[in-house]
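Following the hints, complete the assembly by docking chain B onto the known chain A.
Going down the list, the protein sequences come from chains A and B. Here the first sequence stands for residues 405 to 728, numbered as in my numbering. Here the second sequence stands for residues 789 to 1079, numbered as in my numbering.
Rather than coming from a laboratory, the hints here were simulated on the basis of the structure. Hints may be right or wrong, so weigh each one.
Claimed, not checked - Distance windows between CB atoms, simulated:
| hint | chain 1 | residue 1 | chain 2 | residue 2 | range |
| --- | --- | --- | --- | --- | --- |
| 1 | A | F454 | B | M918 | 15 to 23 Å |
| 2 | A | M493 | B | E1024 | 49 to 57 Å |
| 3 | A | P616 | B | G847 | 47 to 55 Å |
| 4 | B | N934 | A | S669 | 39 to 47 Å |
| 5 | B | M918 | A | F693 | 21 to 29 Å |
| 6 | B | D802 | A | Y619 | 32 to 40 Å |
| 7 | A | V508 | B | N934 | 54 to 62 Å |
| 8 | B | E851 | A | F511 | 41 to 49 Å |
| 9 | B | L971 | A | R613 | 23 to 31 Å |
| 10 | A | A610 | B | E1024 | 42 to 50 Å |
| 11 | A | Y619 | B | A1064 | 18 to 26 Å |
As the structure is a prediction and not an experimental result, all values here were calculated from the model. Ideal Cβ positions, reconstructed from N, Cα and C, are used throughout, including at glycine.
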Amino acid sequence: MGATREPAAPEEDAPAPAAEAPGRRVSRFRRLAGGSNDSLAAYLFLTPWFVGLICITVGPILASLYFSFTDYSLIGEAQWVGLDNYTRMLTDGRLHSALGVTFVYVFVSVPLQLAMALALAMVLDRGVRGLPIYRSVYYLPSLLGSSVAIAILWRRVFGADGLLNQVLAFFGVDGVGWVSHPDYALSTLIVLNVWTFGAPMVIFLAGLRQIPRMYYEAAAVDGATRMRRFFSVTVPLLTPIIFFNLVLQMIQAFQTFTQAFVVSSGTGGPSDSTLFYTLYLYQTGFGSFDMGYASAMAWLLLLIIAGFTAVNFLASKYWVFYGD
Amino acid sequence: MVTKTPPAGASGTDERRERRRRLLIHVGLIAFGLIMLYPLLWMVSSSFKPTAEIFSDPGLIPETFVPENYTEGWTALQFPFHHYIWNSLIVVAGSIIGNLVACSMAAYAFARLEFKGKRLFFSIMLMTIMLPIHVVIVPQYILFANLDWINTYYPLIVPKLLATDAFFIFLMVQFIRGLPRDLDEAARIDGCGHVRIFLRIVMPLSAPALATTAIFTFIWTWNDFFSQLIFLTDPEMYTVPIALRTFVDSQSQTSWGPLFAMSAIALGPIFGFFLAGQRYLVRGIATTGIK
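This is chain A alone, in the form it adopts within the complex (with noise of 0.2 Å):
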């Protein structure tokens, strides 16, 4: 890499002459390091950073902001409505129902997921053979979770005919349509993202690498159970790394889209039982082209994820232990 991007800034890029005086290669040097050449340099390298986050980022940021003020079809000028699309949610069921779906989401298979993640990083780190075949096979589906394909075979898989009822039948349980039915369809979502938890769990894998062996001979020694080795040495050693898949893990289930997408064909249906936040945003700014609308939910969107994020980073204060 690299060698063959060579055009750029050439007045830094000039070889220095063969035969230099040493003192003007001091005088050089000097210049060079002294700071004044960085910035200009620092500002050239920034430069299709700055000009993404003014065009692609904080532009539309702003934009979003402005076409949540009016009511836009795409069609002629946006019309100033004041904070009607605002108050339009206070009434818009349909809102109300995508925002309990996405929590009902977010707060059962977020917490679940990283139990799960903990859970099997503990197993993985008693130094178990074959360690990077399992955590390989246990990640893969961290990798696949979010493609349109897994979404298509988990309709298949919770279809009324589908695999799991086929493996219950085998028990002779009689199955359900859990895609179908209003009652079970956002659980199997909850179900895919439990399923996702390879991700978390690398991280996991990573934090209890650091925590010192000696700290659990000592608990040894004083005779502290598995039990009491767990609660008192690995949990608040890795409430830093707890805190950052939590954060993380939150932010992006939030966010989640596919899955729901395309597991109900679009509609977030049974009922409505999987219209997901960002799903009901997509069916109003790209389905109806109501972009006031949908940029007033984008507006709410960010600011229950800020909200959250920052609840996080304030109850963190109580139970997140930075060590030294």
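Positioned in the frame of chain A, the structure of chain B alone reads:
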């Protein structure tokens, strides 16, 4: 991990018990792994089964072997499936190049250079990692629609050329910070400018971080559904995920065999990259938490 040596004088029964415990752990781990992978294996095996058998037999060995599912699936949509694979590859290649070039440039500045506003810009960069795409997608759509970029790959590639995937900047900053500065300084004394230090010293040493970026960009872009769904509405421009989704919804009676065949093909490249890049993937995830 080193196996703990049993304390001197440990009896043979202790050792046997320990060995049995280890065996039990392996049995448990393997069983659990099989349960986790079973749906995937079932999907691949179902892609070779006649539809009736998919509904009746949860086993993995097809009784009737139907490779025709693949040929049938390949031509089931408006365009042959390699058309969509090609489209996906264009988007993926553009995204990888964009992320490698733009993110590494920004990372070099943040990791090695001093400039006014560095701390501020760095924290802004970190904040953009957390930003949900939904907040910017509506104005981005309007912007790209005005540029006449809907149903082109520009909306999917140009942002990568502008380093909008900030976690890769972060990943590379972390990596470059770990490289010894002596090399840069020696190069400076020899009269190298920043461009040369960046291209000849920092980038070659950052190969593992660049590989992680490339692999994750591949997998993410190949899997991406939301932005491709929004920016690509013309079947000719469809990528693999969008094509698969049309496949499910286009037929009232879905032919599951061919659908599974194409799904298996869609997962193939991810699986290949996973096998090839495990080392980088695990390191990438352990340091940044991206999945």
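To see whether the hints hold, each was checked on the structure:
As the Cβ distance of F454/A to M918/B is approximately 19 Å, the hint placing it in 15 to 23 Å holds. A beta carbon spacing of about 38 Å between M493/A and E1024/B contradicts the range 49 to 57 Å that was offered as a hint. With their beta carbons about 48 Å apart, P616/A and G847/B fall inside the hinted range of 47 to 55 Å. Against the hinted window of 39 to 47 Å, the Cβ-Cβ separation of N934/B and S669/A comes to about 31 Å, which falls outside the hint.
One distance hint, 21 to 29 Å for the beta-carbon pair M918/B and F693/A, holds here, with the actual separation near 28 Å. D802/B and Y619/A have their C-beta atoms about 24 Å apart, which leaves the hinted 32 to 40 Å range violated. Checked against the hint of 54 to 62 Å, the C-beta distance between V508/A and N934/B comes to roughly 39 Å, which is inconsistent with it. E851/B and F511/A have their C-beta atoms about 44 Å apart, which keeps the hinted 41 to 49 Å range intact.
One distance hint, 23 to 31 Å for the beta-carbon pair L971/B and R613/A, holds here, with the actual separation near 29 Å. For the hinted restraint 42 to 50 Å between A610/A and E1024/B, the CB-CB distance of approximately 44 Å keeps it satisfied. Checked against the given bound of 18 to 26 Å, the beta carbons of Y619/A and A1064/B, roughly 37 Å apart, lie outside it.
Going down the numbered hints, you'll see the structure goes against 2, 4, 6, 7, 11, while the others check out.
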